[in-house]
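For the protein sequence lines, the chains are A and B, in the order given. Counting in the numbering used here, the first sequence runs from 1 upward without gaps. Counting in the numbering used here, the second sequence runs from 1001 upward without gaps.
If you are wondering where the hints come from, they were derived from the structure by calculation, not from laboratory data. Misleading hints may appear alongside valid ones.
[As the list claims (entries may be wrong)] Which stretches of chain B does chain A cover? Using the computed rule of at least three CB atoms under 8 Å from a CB of chain A, they are: (1) 1006-1019; (2) 1036-1043; (3) 1073-1086; (4) 1124-1130.
[Stated by the list, open to error] Some chain A residues close to chain B (C-beta under 10 Å, calculated; not the full set): (5) G18; (6) R20; (7) A32; (8) V81; (9) V91.
Heads up, the beta-carbon is just placed ideally off N, CA and C, and yes, glycines get one too.
There are 2 protein chains.
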Amino acid sequence: MSKEQEVFTDSELAYLAGQRLGRLATVSSSGALQNNPVGFWVNAELGTIDIFGLNLAKSKKYRNVKGNPKVAFVVDDLASVDPWVVRGVEVRGLAEALEPVAPPIAHMSHQVIRVHPRRIISWGVDPGSLGMSGRDVAAGTNEAA
Amino acid sequence: MSKEQEVFTDSELAYLAGQRLGRLATVSSSGALQNNPVGFWVNAELGTIDIFGLNLAKSKKYRNVKGNPKVAFVVDDLASVDPWVVRGVEVRGLAEALEPVAPPIAHMSHQVIRVHPRRIISWGVDPGSLGMSGRDVAAGTNEAA
C-alpha cells in the first residue's frame, strides 16, 4: 500500500485527482488569517498535499507557514444546485515551507508548502457513503512536519 | 451609493454575483483552523457577506465565530487552465454569529455568519486592472462586528 493510500481513501484520491484548485487557509505568527486558491499535488510517496507556485517564497502564505504550521486545506465543488449538493475533502494539518525542492512544472519556483494531514473530513466523494466522514491521521502515517 | 458599493467595487460585486460557492476559514478559540465551502449572499444594505445554512447553529464554524471573530473568506475560479489564470475575491474580516435572523431561503436555519470586511484583495475580476489589488476597509464602512 502506498503512503497516499494509507492517508487518503481511494474515493478521496479519485476526487482530488479530478479537481484543479484547492483553498489553503494559513495564519501568521501574529494571528492574521488568510485563505488562498492554490493548485495542488497529492504526494504519493509521502502522503502529503504539496503546493507549488510561480514565486512561492515571496508569498504571504509561505511566510505564514514558516511562522505557524497550522493550515486547513479544502477541495470542493458543487455537484448539484437543486438539490444543493456540495462535495469535497478538507485536510487539516501541519505544513512545512521547504526549499530547494524541484517543482512538478519547470517554470515554478523551487519551494513547496507541504501539508501533512492530521485530520481529513470528506463528504459526497464516496458513492458508498452518504454524509460527512472525518478521521484523524496519526503523526507517524506521513513524514513529521 | 449603497453600502455594498462603499465596500466592494462594481467589478467585485459582478463577480461575486456570478459565483455560487465561497470558502470560509475560521479559527476556534483554542487556535484550531478549518476551511469550509459555503453558499453566500452579499448584503447590499450592510456591505457584509452573509452565510446561512441548513443547521448553522450546530456547525463548528458557527461556534468558532462565536469564540473568535477573525475569518478569511474567498470566492475564486479558474478562468483559464493554459495559461493558468485564477481570479477571485478574498475578504478578511470580523464575523458575527447572529440569531434569530430570517434566512433568504425558507428551509434554512435562523442563524447567520455575517462577515464584516476589513481587507479585500481581488485579482482578475476587473477587466481594467491586471494583477492583484488589495485595500483596507475602515471599520465605520460597515456595521461594527
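Which of the listed hints are broken here?
Violated: hints 1, 4 and 5.
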